[in-house]
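Here's the letter readout for the chains.
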Amino acid sequence: AQSVTQPDIHITVSEGASLELRCNYSYGATPYLFWYVQSPGQGLQLLLKYFSGDTLVQGIKGFEAEFKRSQSSFNLRKPSVHWSDAAEYFCAVGAASGATNKLIFGTGTLLAVQP
Amino acid sequence: KAGVTQTPRYLIKTRGQQVTLSCSPISGHRSVSWYQQTPGQGLQFLFEYFSETQRNKGNFPGRFSGRQFSNSRSEMNVSTLELGDSALYLCASSDRDNEQFFGPGTRLTVL
Numbered sequence: 001a002q003s004v005t006q007p008d009i010h011i012t013v014s015e016g017a018s019l020e021l022r023c024n025y026s027y028g029a030t031p032y033l034f035w036y037v038q039s040p041g042q043g044l045q046l047l048l049k050y051f052s053g054d055t056l057v058q059g060i061k062g063f064e065a066e067f068k069r070s071q072s073s074f075n076l077r078k079p080s081v082h083w084s085d086a087a088e089y090f091c092a093v094g095a096a097s098g099a100t101n102k103l104i105f106g107t108g109t110l111l112a113v114q115p
Numbered sequence: 001k002a003g004v005t006q007t008p009r010y011l012i013k014t015r016g017q018q019v020t021l022s023c024s025p026i027s028g029h030r031s032v033s034w035y036q037q038t039p040g041q042g043l044q045f046l047f048e049y050f051s052e053t054q055r056n057k058g059n060f061p062g063r064f065s066g067r068q069f070s071n072s073r074s075e076m077n078v079s080t081l082e083l084g085d086s087a088l089y090l091c092a093s094s095d096r097d098n099e100q101f102f103g104p105g106t107r108l109t110v111l
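Just so you know, the sequences run in chain order A and B.
Going by this note's numbering, the letters in the first sequence line up with residues 1 to 115, in that order.
Going by this note's numbering, the letters in the second sequence line up with residues 1 to 111, in that order.
Source of the hints: derived by calculation from the structure; they are not laboratory data.
Note that this is a predicted model, so its numbers are computed, not measured.
Beta carbons: idealized from backbone N, C-alpha and C, even for Gly.
Among these hints, one or two may not hold up.
Stated by the list, open to error - Capping the alpha-carbon separation at 30 Å, the derived lysine-lysine pairs in DSS-like fashion look like this: (1) B:K13 <-> B:K57; (2) B:K57 <-> A:K49; (3) B:K1 <-> B:K57; (4) B:K57 <-> A:K61; (5) B:K1 <-> A:K49; (6) A:K49 <-> A:K68; (7) A:K49 <-> A:K61.
Unchecked claim - Sample of chain A residues with no beta-carbon within 12 Å of chain B, all distances over it, derived: (8) Q58; (9) E66; (10) S70; (11) S72; (12) S80; (13) I104.
Let's have the full structure, built from the sequences with the hints guiding it.
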């Protein structure tokens, strides 16, 4: 079955601290992987994506993610969190075949940032 | 380029009514997907349209339907509304490589 697991529902970090949000996926075919961020009452903004090639991908707002095929993981990291990073983060997987744009999302991780 | 726009942004309906939501994709994008977001079920895929054809459909009852027009604009319709249909409905458009751009959503409240 195709699924995405984000084991941390809620994370609190101090401003300036490093951050790692976990994502594990189960997908039968070659996947495309994404991280989105959602601020309250807003739509989803794409942070970064992995299609192929270098397994460490850089995104916007200083975020990066590493694809580890052996662990079926795509964890999101940021070396120093800013208060404006407080939001909900979603990991998603899609088909690399091009036959569909359907995304399967994880349940999200709500990030709180302490001053 | 202008982003994905969704109208209306907020909607209040009563049980049994029907509702139509609209989505205008980014210019040049031919694929439009719809998602339902609720606190209990999270983000769930409703359906996807590509060049006016439904290319994929999620596990939702037949009360949920959609269509896409020749200019790629899309509408989704929910008939016989139920309380559980209260949600944020998100539209996303894509031109290639499954990179999807989301609109701000329509917040539907069913009373």
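> Which numbered hints turn out to be false for this structure?
Replying inline: 4 and 13
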